[in-house]
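Protein chains: 2
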Amino acid sequence: MPIPMRPDSLEIAILLYDGMTALDAIGPYEILSRLPNTAIKLVAKEPGLVVTDTRYLALNATDSLTDVPTPDVILLPGGSAGTMKITQDQAVLDWVRTAHANTQWTTAVCTGVFLLGASGLLTGVEATTHWASTADLAKYNARYRPARFVQSGKIISAAGVSAGIDMALYLASQLRGEQVAKAIQLAIEYDPEPPFDSGSLQKADQDTVQQSRKLLRSWFLDGFQKFFPDQAIPKL
Amino acid sequence: MPIPMRPDSLEIAILLYDGMTALDAIGPYEILSRLPNTAIKLVAKEPGLVVTDTRYLALNATDSLTDVPTPDVILLPGGSAGTMKITQDQAVLDWVRTAHANTQWTTAVCTGVFLLGASGLLTGVEATTHWASTADLAKYNARYRPARFVQSGKIISAAGVSAGIDMALYLASQLRGEQVAKAIQLAIEYDPEPPFDSGSLQKADQDTVQQSRKLLRSWFLDGFQKFFPDQAIPKL
Chain B
17 MPIPMRPDSL EIAILLYDGM TALDAIGPYE ILSRLPNTAI KLVAKEPGLV VTDTRYLALN
77 ATDSLTDVPT PDVILLPGGS AGTMKITQDQ AVLDWVRTAH ANTQWTTAVC TGVFLLGASG
137 LLTGVEATTH WASTADLAKY NARYRPARFV QSGKIISAAG VSAGIDMALY LASQLRGEQV
197 AKAIQLAIEY DPEPPFDSGS LQKADQDTVQ QSRKLLRSWF LDGFQKFFPD QAIPKL
Chain U
17 MPIPMRPDSL EIAILLYDGM TALDAIGPYE ILSRLPNTAI KLVAKEPGLV VTDTRYLALN
77 ATDSLTDVPT PDVILLPGGS AGTMKITQDQ AVLDWVRTAH ANTQWTTAVC TGVFLLGASG
137 LLTGVEATTH WASTADLAKY NARYRPARFV QSGKIISAAG VSAGIDMALY LASQLRGEQV
197 AKAIQLAIEY DPEPPFDSGS LQKADQDTVQ QSRKLLRSWF LDGFQKFFPD QAIPKL
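In the order they appear, the protein sequences are chains B and U.
For this note's numbering, add 16 to where a residue sits in the first sequence, where the first one is 1.
For this note's numbering, add 16 to where a residue sits in the second sequence, where the first one is 1.
Quick caveat, the hints were computed from the structure, so don't treat them as lab data.
Some hints here could point you the wrong way.
Calculated pairs, DSS-like style, for lysine-lysine (alpha carbon to alpha carbon, straight line, at most 30 Å) [said to hold, decoys possible]:
#1 B/57 <-> U/101
#2 U/57 <-> B/242
#3 B/57 <-> U/230
#4 U/219 <-> U/61
#5 U/230 <-> U/57
#6 B/57 <-> U/242
#7 B/61 <-> U/57
#8 U/57 <-> B/101
Work the whole structure out from these sequences, hints included.
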């Protein structure tokens, strides 16, 4: 039995696609799906399973993009080579553009922001993204602002992967008030205590940065061979 | 083509079940699935989709419990009424017990620790869980230690939901060394900056605590009606 929605109900569409990073979407999902009087739509080009970038986990898209043309909020997760692939998909970019014209908030996590870029929506916008991809913002005429998340008009972009959790708490406060956001923060006991302090380029030592870049490159190349089987592997 | 595994390869089984909390599993997954020379098995009683506690998202289990009898590491996510249901499933408890006898590490997030309790594995163990459920540890003769995550022998338990991310970073360092764990922390840019400081019972104001308890109760009752349709709703 569907839960009856009040007139001020919200529809939040989270885009899923092959090669996306799971936590980019699921961090925010864990917060946004707990908002009162709010429906989450997990949308993809076609309903069904999408496989995340590290290959083991598949998430189920419940709706196609055309089923959810005018959500109140959209959230675009990032990824690696899979994101490069989907930013070339005109049907997806058309959906992003049309949806954005009607949203209250348009949000992106990590390299998901390049879906906005490829849709022509980043010109003159202040934004952030994963630390390894910040230089690419200039390609879309966006201005990089180093921050955990950046609001620019109704567009909110978050830094890499886990930054989506912080961004979603802010978004929750904008949608349903700070009191609700704080109650959800407590419900998911989001009082982080990372055992190491190497979560940003500024804090990590040089060996960690070097090894992290090497890992990112290997994951990208893995994905590239999957998503662009006919293309020569790019020099990085 | 399967990736060839070296002799020191690790198999990590993450349990999935209806009514689990998505982030309990996906936070750790995002870290553990990036470990070198490691295979993740997403196991459930039967392969296929499980629906998470907030109802929109389904995750795909690739293997049945009997397919993965002796993983090197197990990770048990929590949830609300769905966790209450699965802690009564003897086939699942049997798998937990047998797997635990052979693991290098047995780990649980949030109320997932009660799967260990119901399997008889918490007697005399120091553990933590979600702040709203700490009193239940005594039912299983465990000793509550207030911490983001607690190691007691080879059992590691994490506090509520998001605490699994911190725990998984520690686990990653134990499995593959601190340098690898730190490189993955940077790769997922885990440098948290929650916009509010209400993620623990100690830090949240009384209104937030009260509203959070109210939300937790409503989610539990929703789930209870789903998982125990023939039972009277418990007084809370």
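Checked hints:
1. B/57 <-> U/101: holds, 27 Å
2. U/57 <-> B/242: holds, 21 Å
3. B/57 <-> U/230: holds, 25 Å
4. U/219 <-> U/61: violated, 38 Å
5. U/230 <-> U/57: Violated, because 35 Å separates the two Cα atoms, which is more than 30 Å.
6. B/57 <-> U/242: holds, 21 Å
7. B/61 <-> U/57: holds, 27 Å
8. U/57 <-> B/101: holds, 27 Å
The structure fails to meet hints 4 and 5 from the earlier list, while all remaining hints are met.
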